[in-house]
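These protein sequence lines map, in sequence, to chains A and B.
Per the numbering used here, residue 1 is the first one in the first sequence, and the count goes up by one each step.
Per the numbering used here, residue 114 is the first one in the second sequence, and the count goes up by one each step.
Think of the hints as simulated: they come from the structure by calculation, not from any bench.
Every residue, glycine too, gets a C-beta built ideally from N, C-alpha and C.
One or more of the hints may lead you astray.
[As the list claims (entries may be wrong)] Pairwise CB distance ranges, derived in the manner of DEER restraints:
| id | chain 1 | residue 1 | chain 2 | residue 2 | range |
| --- | --- | --- | --- | --- | --- |
| 1 | A | F96 | B | K182 | 24 to 32 Å |
| 2 | A | R9 | B | L120 | 44 to 52 Å |
| 3 | B | P153 | A | N51 | 28 to 36 Å |
| 4 | A | G40 | B | S197 | 19 to 27 Å |
| 5 | A | Q83 | B | G166 | 40 to 48 Å |
| 6 | B | S193 | A | K14 | 47 to 55 Å |
| 7 | A | S58 | B | P125 | 32 to 40 Å |
| 8 | B | V124 | A | Q83 | 32 to 40 Å |
| 9 | B | L120 | A | E52 | 36 to 44 Å |
| 10 | B | T185 | A | G59 | 21 to 29 Å |
| 11 | A | N51 | B | I173 | 27 to 35 Å |
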Amino acid sequence: GAGVSQSPRYKVAKRGQDVALRCDPISGHVSLFWYQQALGQGPEFLTYFQNEAQLDKSGLPSDRFFAERPEGSVSTLKIQRTQQEDSAVYLCASSFMSGAGYTFGSGTRLTVV
Amino acid sequence: AQSVTQLDSQVPVFEEAPVELRCNYSSSVSVYLFWYVQYPNQGLQLLLKYLSGSTLVESINGFEAEFNKSQTSFHLRKPSVHISDTAEYFCAVNRNTGTASKLTFGTGTRLQVTL
Chain A
1 GAGVSQSPRY KVAKRGQDVA LRCDPISGHV SLFWYQQALG QGPEFLTYFQ NEAQLDKSGL
61 PSDRFFAERP EGSVSTLKIQ RTQQEDSAVY LCASSFMSGA GYTFGSGTRL TVV
Chain B
114 AQSVTQLDSQ VPVFEEAPVE LRCNYSSSVS VYLFWYVQYP NQGLQLLLKY LSGSTLVESI
174 NGFEAEFNKS QTSFHLRKPS VHISDTAEYF CAVNRNTGTA SKLTFGTGTR LQVTL
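With the hints as extra help, turn the sequences into a complete structure.
This is the structure we're talking about:
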């Protein structure tokens, strides 16, 4: 498609459950970012890929969070043993090359109950 | 490191009135500046951006923002708002390096337009 696609759109997880969130970036986009947006807040950086290389994961809040992009296109953000504080919208963004603007997906709203 | 401050969490305004959403940033390096808009239950959409050149940038739907380096500001303005402009607006910056770098966002300003 023409945009960044994220799935699922909504996810409800029981506390302690593992979840996997998918991001399908725009074809040919080298850079891919994950952000976490808590309710009423601005997005916060989680991690960044350039092709398949994860160049920055400084924003991942704990070792329960793991992201991968094995073939340099689709990326998966995995959260293990989910906690209530993980409830947020997870946004994916991609960019062709430079830092001058990114295209965001519609996000995955994760609710941990 | 960069930081972004959006001074107003909510801005109520009547339709057809002018509006200004304030954004100030802090950075030790040169930056690119962005405004994104987020409609309910949707992702972020790029509204406009400043990369270089003219300090006044415009969007296709009547918004404009002016980069003021001395005041480290990038305020968003529209001379006459419409009901459909009701949304959350986020100011963001990233390092001006020519390569991809993470965006740092402000906490957002909720623009509420009423009749």
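- Index of numbered hints that the structure contradicts, given in increasing order: Of the numbered hints, just 2 does not hold.
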